[in-house]
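For the sequence shown, the numbering used here begins at 1 and goes up steadily by one.
No lab work stands behind these hints: they were computed from the structure.
Check each hint, because a few of them may be wrong.
For each label pair, taking beta carbons as the anchor points, the in silico distance ranges come out as [to be verified]:
#1 Y52 - E21: 47 to 55 Å
#2 T22 - V128: 52 to 60 Å
#3 L124 - T47: 48 to 56 Å
#4 V71 - G140: 18 to 26 Å
Computed cross-link-like contacts, SDA-like style, restricted to lysine to any residue with a CA-CA straight-line distance of at most 25 Å [what the hints assert, rightly or not]:
#5 K44 - M55
#6 K44 - D56
#7 K44 - Q64
#8 K44 - E57
#9 K44 - M54
#10 K44 - Y30
#11 K44 - L34
#12 K44 - M33
#13 K44 - I60
#14 K44 - A58
#15 K44 - L31
#16 K44 - T24
#17 K44 - S25
Think of the CB as a built atom: it goes at the ideal place given N, C-alpha and C, for glycine as much as any other residue.
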Amino acid sequence: MCVSVPKEPSPREHANSPEAETFTSIVIMYLNMLRDRLVASGRKLMTDLHLYEMMDEAAIYLAQHPILTVVVIAVAISCGIPVLMFVVFAILTVLFTFAGFIVIEGTLLTVGSVLLCGFVLAILIILVTIAATVGVAYLGFIEVYGLLQNSPENSALAHFLPRKSATQHPTVSSTAQNLHED
Numbered sequence: 001m002c003v004s005v006p007k008e009p010s011p012r013e014h015a016n017s018p019e020a021e022t023f024t025s026i027v028i029m030y031l032n033m034l035r036d037r038l039v040a041s042g043r044k045l046m047t048d049l050h051l052y053e054m055m056d057e058a059a060i061y062l063a064q065h066p067i068l069t070v071v072v073i074a075v076a077i078s079c080g081i082p083v084l085m086f087v088v089f090a091i092l093t094v095l096f097t098f099a100g101f102i103v104i105e106g107t108l109l110t111v112g113s114v115l116l117c118g119f120v121l122a123i124l125i126i127l128v129t130i131a132a133t134v135g136v137a138y139l140g141f142i143e144v145y146g147l148l149q150n151s152p153e154n155s156a157l158a159h160f161l162p163r164k165s166a167t168q169h170p171t172v173s174s175t176a177q178n179l180h181e182d
C-alpha cells in the first residue's frame, strides 16, 4: 500500500496561489480603509480647530517677514534632520532584525548613534555660538548708543560702574582744593 504524500508547494508557487493573492488584496484593502479614516480624521481635526486658517495667516506673515521665514526654515531643518535620521535607522534596524543580520544591525545602530549625536552636538554648538555673538553684538550696540547720547544713564554698563563722586577719597578732594587755592 503506497500512500502518496501531497507535495509542499515551493515559495514561488505559494506566492502565486489564489489564497496568497486574496490575502494580499484583503490586507491592502484594510490598509487603504485605515489610511482613509486617518485622512478623514485629520481633515476634521484641522477644520474643527481652524488650523487651516491659522496656517494661512502664518504663511502670509512669514511672506511679509523674510528673515523670520529663514529662521523658521533653519529651525525646521535642524530639528527635522535628526528626527528623519532616527526614523530611517529605526526602520532599517527592524528590517535587518527580521532578516537576521544581527552583525549588520549592531553596526548600523552604532553608526546611526554616532551620526545622530554628532549632528545634534553640531547644531547645539552652532546655536550657542550664534547666541553668544548676538548677545555680544547687542551689548556693544547698546554701549555705542549710550556713548552717542552723551549721558551715562543711557549706557548699558552705567548700573555696574560706580559713580565718580562716590568713589573719590576725601584726601584726594582736599588735595585738589588745596592745589586750586594756590
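Here is how each hint holds up against the structure:
1. Y52 - E21: 47 to 55 Å: Since Y52 and E21 have Cβ atoms about 41 Å apart, the given range 47 to 55 Å is violated.
2. T22 - V128: 52 to 60 Å: holds, 59 Å
3. L124 - T47: 48 to 56 Å: Distance hint for L124, T47 is violated at roughly 38 Å.
4. V71 - G140: 18 to 26 Å: holds, 22 Å
5. K44 - M55: holds, 15 Å
6. K44 - D56: holds, 17 Å
7. K44 - Q64: violated, 29 Å
8. K44 - E57: The hint holds at about 19 Å.
9. K44 - M54: holds, 15 Å
10. K44 - Y30: holds, 21 Å
11. K44 - L34: holds, 15 Å
12. K44 - M33: holds, 16 Å
13. K44 - I60: holds, 23 Å
14. K44 - A58: Given that 25 Å is the threshold and the Cα spacing comes to 20 Å, the pair holds.
15. K44 - L31: Holds - the C-alpha atoms of L31 and K44 are around 20 Å apart, at most 25 Å.
16. K44 - T24: violated, 30 Å
17. K44 - S25: violated, 28 Å
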